[in-house]
Every structure is written in structure tokens, then in C-alpha cells.
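A.B. asks: Residue 90 in numbering that gives the first Met the number 0 sits at position 91 of the sequence shown; the count goes up by one each step and never skips.
Note that these hints are calculated values from the structure, not bench results. Just so you know, even glycine gets a beta-carbon here, dropped at the ideal spot from N, CA and C. Do not take every clue at face value.
[What the hints assert, rightly or not] Restraint-style ranges between C-beta atoms, simulated for each label pair:
1) Thr13 - Arg68: 30 to 38 Å
2) Trp62 - Thr113: 24 to 32 Å
3) Arg21 - Asp99: 17 to 25 Å
4) Arg21 - Arg131: 24 to 32 Å
5) Thr13 - Ala129: 15 to 23 Å
6) Glu71 - Thr113: 21 to 29 Å
7) Glu81 - Glu32: 41 to 49 Å
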Amino acid sequence: MPGIRESAFAPALTFAFEIRARLAPTLHVGHGEGERTEFTPITGGTVDGPLLRGTVLPGGGDWSSTRGRVCELDARYLLQAEDGAVIDIVNRGYYHEGADSPDQHDGDLRVTETGVYYRTSPTFRTDAPAHRWLAETVFVGLAREVEADVVAIRMYALA
Numbered sequence: 000m001p002g003i004r005e006s007a008f009a010p011a012l013t014f015a016f017e018i019r020a021r022l023a024p025t026l027h028v029g030h031g032e033g034e035r036t037e038f039t040p041i042t043g044g045t046v047d048g049p050l051l052r053g054t055v056l057p058g059g060g061d062w063s064s065t066r067g068r069v070c071e072l073d074a075r076y077l078l079q080a081e082d083g084a085v086i087d088i089v090n091r092g093y094y095h096e097g098a099d100s101p102d103q104h105d106g107d108l109r110v111t112e113t114g115v116y117y118r119t120s121p122t123f124r125t126d127a128p129a130h131r132w133l134a135e136t137v138f139v140g141l142a143r144e145v146e147a148d149v150v151a152i153r154m155y156a157l158a
């Protein structure tokens with residue numbers, strides 16, 4: 000990344016879970032000078048990983064604003080853990096294509112594709128004691144399209 004100096008210190012990321020959100024067709028909201036605004040409904044999905052399992056509840060969505068080649072994402076939806084607890088997620092991030100984005104793997108799984116920057120910064124809310132740790136942890140999400148109507152977001156907890 001231009002202007003960013005590398006440091007010998009690298010924060011540790013721990014894979015927590017992956018969200019696979021099913022999407023309905025995107026709805027055009029409007030556009031202004033050099034900007035396009037859209038809404039993509041989230042119709043359900045799954046949550047699976049070592050630290051959280053459950054489902055994505057239908058009814059949320061992603062409001063996106065595209066300016067030039069950069070799409071700013073602002074998604075809000077609900078997760079339901081296997082124990083029935085409901086968890087609110089606000090997941091903001093960016094999507095753009097460009098040669099400076101590397102191909103990245105987590106073991107054998109390709110979690111990012113060369114030339115595609117698709118990252119999120121989620122925050123969670125819940126009063127369920129078993130899942131309170133979600134609201135007290137910083138996460139990084141690496142997103143990728145897995146089907147025409149499914150986006151997978153691998154959530155990594157920052158140590």
C-alpha cells in the first residue's frame with residue numbers, strides 16, 4: 000500500500016468463524032455526482048467455525064455506495080447462535096479491484112483473490128453471556144464471493 004511503512008511487529012489473528020450470507024438481487028437506490036447507492040437484502044445463511052456456530056437470520060442487508068472504483072459497504076444483520084442467542088452485527092468495509100491486492104490462503108482455503116480487496120471490520124452486540132466476547136473483541140473479515148448469491152466472510156479475532 001502506498002505510503003504505509005512495514006513494521007517488524009505483526010498483530011496475531013485467530014480464525015473464529017465464517018459467515019456465509021445468502022443474498023437477494025441488489026436494488027438500485029439512487030445516484031449522485033460520481034456515486035451509486037444500492038441495497039442488497041440478506042435472506043439467510045450459516046455461521047460455522049471453532050468459536051461460533053449458528054445461522055444468519057433473514058431481514059438484514061448491505062447498503063453500498065460506489066464512488067469511482069471503490070465500493071463502501073455498510074451491512075447490518077442478525078446472527079442466531081446454536082444456543083438460540085441473537086447477535087447483532089454491523090459489518091463495514093470496502094470492495095475494489097486492483098493489482099495490489101494479493102492472493103491469500105488460510106491453510107488450503109483461498110480466502111482472498113489476487114486483484115480483489117474485499118475486507119470488513121465487524122462489530123457485534125448481544126447480552127447473551129456465552130457470546131459477550133464478540134462485543135469485546137476486534138475482528139477483521141476477509142470476504143469473497145462463493146456463489147452468485149452467496150458471500151463468505153471469514154472472521155478473524157485480533158489478539
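A.B. asks: State for each hint whether it applies.
C.D. replies: Checked hints:
no. : hint                       : in the structure
1   : Thr13 - Arg68: 30 to 38 Å  : 32 Å, holds
2   : Trp62 - Thr113: 24 to 32 Å : 28 Å, holds
3   : Arg21 - Asp99: 17 to 25 Å  : 30 Å, violated
4   : Arg21 - Arg131: 24 to 32 Å : 27 Å, holds
5   : Thr13 - Ala129: 15 to 23 Å : 18 Å, holds
6   : Glu71 - Thr113: 21 to 29 Å : 22 Å, holds
7   : Glu81 - Glu32: 41 to 49 Å  : 47 Å, holds
Hint 3 from the list above is the single one not met by this structure.
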